[in-house]
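From just these sequences and the hints, can you work out the full model?
Protein sequences appear in the order of chains H and F.
With the working numbering applied, the first sequence corresponds to residues 1 to 222, in that order.
With the working numbering applied, the second sequence corresponds to residues 1 to 189, in that order.
Keep in mind that the hints were calculated from the coordinates and are not lab data.
The structure displayed is predicted, hence computed values, not measured ones.
Even glycine gets a Cβ: it sits at the ideal position worked out from N, Cα and C.
Hints are all accurate, no fakes.
Examples of chain H residues lying across from chain F (beta carbon under 8 Å, computed):
id, residue
1, Leu9
2, Val18
3, Trp103
4, Cys107
Partial pick of chain F residues on the chain H-facing surface, computed with a CB cut under 7 Å:
id, residue
5, Gly17
6, Ile55
7, Ala74
8, Ala144
9, Trp153
Counterexamples of contact, computed for chain F against chain H with all Cβ distances above 12 Å:
id, residue
10, Val33
11, Met64
12, Leu80
13, Arg86
14, Arg102
15, Pro109
16, Gly137
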Amino acid sequence: MATPKRASLPLFPIVVGVVIAIGLAVVVATVVGGDDDTSTVDVQQTRAVSVDGDPLPAFDGDSVEDPALGLTAPTVTGENFASEPLRIANDGRPKAIAFVAHWCPHCQAEVPRIEEWLSTTGLPEGVDLYFVSTRVSAPDGNYPPSEWLEREGVSGVPTIADDEGSTALAAYGAGRFPYLVYLDADNNVVLRTSGEYGSDPQAYTPVFEALASGEPPVDPRG
Amino acid sequence: MTADDSWITFFTLLTVGANFATLALWSLALFAVVGPARTLWARVRDSLGESGLQIAAVVAVTAMAGSLYLSEGAHFTPCLLCWYQRAAMYPLAVILVVALARRDWGVRPYALALALVGPVISLYHYAIERNPDLEIGGSDTCAAYGPPCTAKWIDDQFGYISIPFMALSAFVLVATILAAARPSRSEKS
Numbered sequence: 001m002a003t004p005k006r007a008s009l010p011l012f013p014i015v016v017g018v019v020i021a022i023g024l025a026v027v028v029a030t031v032v033g034g035d036d037d038t039s040t041v042d043v044q045q046t047r048a049v050s051v052d053g054d055p056l057p058a059f060d061g062d063s064v065e066d067p068a069l070g071l072t073a074p075t076v077t078g079e080n081f082a083s084e085p086l087r088i089a090n091d092g093r094p095k096a097i098a099f100v101a102h103w104c105p106h107c108q109a110e111v112p113r114i115e116e117w118l119s120t121t122g123l124p125e126g127v128d129l130y131f132v133s134t135r136v137s138a139p140d141g142n143y144p145p146s147e148w149l150e151r152e153g154v155s156g157v158p159t160i161a162d163d164e165g166s167t168a169l170a171a172y173g174a175g176r177f178p179y180l181v182y183l184d185a186d187n188n189v190v191l192r193t194s195g196e197y198g199s200d201p202q203a204y205t206p207v208f209e210a211l212a213s214g215e216p217p218v219d220p221r222g
Numbered sequence: 001m002t003a004d005d006s007w008i009t010f011f012t013l014l015t016v017g018a019n020f021a022t023l024a025l026w027s028l029a030l031f032a033v034v035g036p037a038r039t040l041w042a043r044v045r046d047s048l049g050e051s052g053l054q055i056a057a058v059v060a061v062t063a064m065a066g067s068l069y070l071s072e073g074a075h076f077t078p079c080l081l082c083w084y085q086r087a088a089m090y091p092l093a094v095i096l097v098v099a100l101a102r103r104d105w106g107v108r109p110y111a112l113a114l115a116l117v118g119p120v121i122s123l124y125h126y127a128i129e130r131n132p133d134l135e136i137g138g139s140d141t142c143a144a145y146g147p148p149c150t151a152k153w154i155d156d157q158f159g160y161i162s163i164p165f166m167a168l169s170a171f172v173l174v175a176t177i178l179a180a181a182r183p184s185r186s187e188k189s
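See the structure below:
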């Protein structure tokens with residue numbers, strides 16, 4: 001005797017119904033909720049940047065055989081997030097410039113370490129630190145960079161907002177992020193590094209102490 | 001809520017739905033082995049034999065559309081692992097639609113192969129997104145140009161859903177449906 005055929009479950013209509021219901025719910029939530037995205041309206045995240053001087057050669061990650069060592073860094077003129085003019089130039093002071101991208105998880109890990117180092121050890125006398133917020137991309141994660149840097153407590157560090165074409169980054173050799181360029185008092189490159197310095201924020205201490213004393217700093221990771 | 005937020009919410013809720021459906025199917029299969037749900041599981045398998053190709057095709061096409069929306073609509077730049085997952089999901093959607101049009105369950109081994117390779121990539125992507133140190137051959141740097149696979153393009157939705165998890169959910173649901181379905185003789189190629 002043939003087995004009677006079991007009535008099948010209406011799975012496909014159920015799936016389609018669920019998808020439509022979710023779609024309708026989201027449409028209603030969007031219409032009722034309105035557009036509450038106001039976080040990026042006030043602060044312009046990319047700003048005009050001009051570069052004066054020869055760009056540095058590209059950095060491939062090798063701090064020892066770096067062709068930029070000894071070369072004079074170009075002057076970068078731009079603005080911070082508060083629309084105040086800012087210039088990284090030969091002012092007779094050694095300095096470090098940290099190029100960071102808001103979407104980069106390694107920058108997201110390193111910036112708090114820099115903040116901890118600044119708040120515990122602090123910059124040596126006569127040495128400056130700048131941030132350059134670059135490669136800004138609104139759709140990507142952790143946007144906007146101005147809020148990110150403020151949240152991490154480093155909004156007090158002079159920060160240039162790079163332009164949409166990442167002109168400042170390109171002028172300094174576009175190393176991988178987080179990308180740090182160290183310049184001596186004559187504005188010559190003494191060290192370039194890419195990547196995190198490790199979990200200990202004190203890794204920055206010997207580099208900046210060397211910079212302050214006029215000695216060539218070395219990559220703290222060896 | 002912006003348009004992008006709405007779409008991400010939509011795909012998030014679909015992902016939750018896919019997770020529930022997958023869990024329900026696996027639970028039912030497990031209970032069927034033990035005994036009490038054997039009849040219900042048989043009915044579900046028969047029903048999937050009738051409409052499983054439709055559902056699997058809808059899931060894969062929706063996942064493909066979602067992926068295209070995230071890159072072309074929301075302008076998220078796909079990373080390398082995103083492209084690898086696309087390399088599995090897009091042909092999966094196409095062959096399932098063709099199989100649906102032909103009522104051809106002979107697609108099952110080919111579709112299952114794609115639907116089982118995809119989750120491996122998605123799982124790895126999901127893992128390194130959470131812990132970048134797990135990246136094989138990775139470094140502690142991001143390329144100055146081009147997105148890293150370790151970056152999160154959206155915050156975790158409901159505490160666990162990110163973009164690779166959406167792909168993972170779609171792959172696993174399609175694979176589960178294809179594996180569980182018991183098409184009638186007339187449905188088989």
